[in-house]
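Given next are the chains, with one letter for each unit.
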Amino acid sequence: MSINDTIKSDITENDVVLFMKGTPQFPMCGFSGQVVQILDYLGVPYKGVNVLENDEIRQGIKEFSNWPTIPQLYVKGEFVGGCDIVREMFQSGELASHLTEQGLAVKQAAKA
Amino acid sequence: MAMQARDIEKLIVEALPDAKVEIRDLAGDGDHYAATVVSSAFKGKTRVQQHQMVYAALKGNMGGVLHALALTTSSPEN
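Sequence order for the protein chains is A and B.
Heads up: the first sequence begins at 231 in my numbering, then just goes up one per residue.
Heads up: the second sequence begins at 27 in my numbering, then just goes up one per residue.
If you are wondering where the hints come from, they were derived from the structure by calculation, not from laboratory data.
One thing to keep in mind: the hints can contain errors.
[Stated by the list, open to error] Quick list of the computed label-pair ranges, beta carbon to beta carbon: (1) B/Ser101 x A/Gln255: 34 to 42 Å; (2) B/Leu52 x A/Gln289: 23 to 31 Å; (3) A/Glu293 x B/Thr98: 36 to 44 Å; (4) A/Glu318 x B/Ala41: 33 to 41 Å; (5) B/Asp55 x A/Pro275: 22 to 30 Å.
Even for Gly, the Cβ is constructed at its ideal location relative to N, Cα and C.
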């Protein structure tokens, strides 16, 4: 399986996927950690893919999304954004409504 | 490796000539910046597309020599 196929199957088989440095339990970068906190706050289940464990995915995901940095959040197979966009969407309440629109249960609404 | 704020601004303005760019050096180390970019080119584009346009303007420096650039983008009307 090519690296693109691996990424594709990850984002189709899981509703929410976060490509990140480290794991949801132990983020290894502040930006990845911020997105973990947001997803945990919203109580939405997600798969964390640790790009530090696989250099092919680390490079591959940047090309796949045409996005130069990690973390990267995918919802229902679609690229939502990196840390800045996710934070902006969370603060405006857009992220919670986007998840709800996609049929995913959210525990709490955004706080300012 | 670090990048000067004026070099970042120059690259962005070269690609998006009408852009109003404001850059703050967050840590004073020339490595962690926050940028606000306002350009009419962003009109009708999604946030992801707007950020991709800025990253393209930075010509591969983002994620390389430029470690951290917190981005906020918008078009002049909003």
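Evaluation of the provided hints:
1. B/Ser101 x A/Gln255: 34 to 42 Å: Once the Cβ atoms are compared, 40 Å apart, the range 34 to 42 Å for glutamine 255 of chain A and serine 101 of chain B holds.
2. B/Leu52 x A/Gln289: 23 to 31 Å: 27 Å Cβ-Cβ, so the 23 to 31 Å window holds.
3. A/Glu293 x B/Thr98: 36 to 44 Å: Hint violated: Cβ distance 25 Å, outside 36 to 44 Å.
4. A/Glu318 x B/Ala41: 33 to 41 Å: violated (22 Å)
5. B/Asp55 x A/Pro275: 22 to 30 Å: Violated, since aspartate 55 of chain B and proline 275 of chain A (Cβ atoms, about 37 Å apart) do not stay within the stated range.
Taken one by one, the earlier hints fail for this structure at numbers 3, 4 and 5, listed in ascending order.
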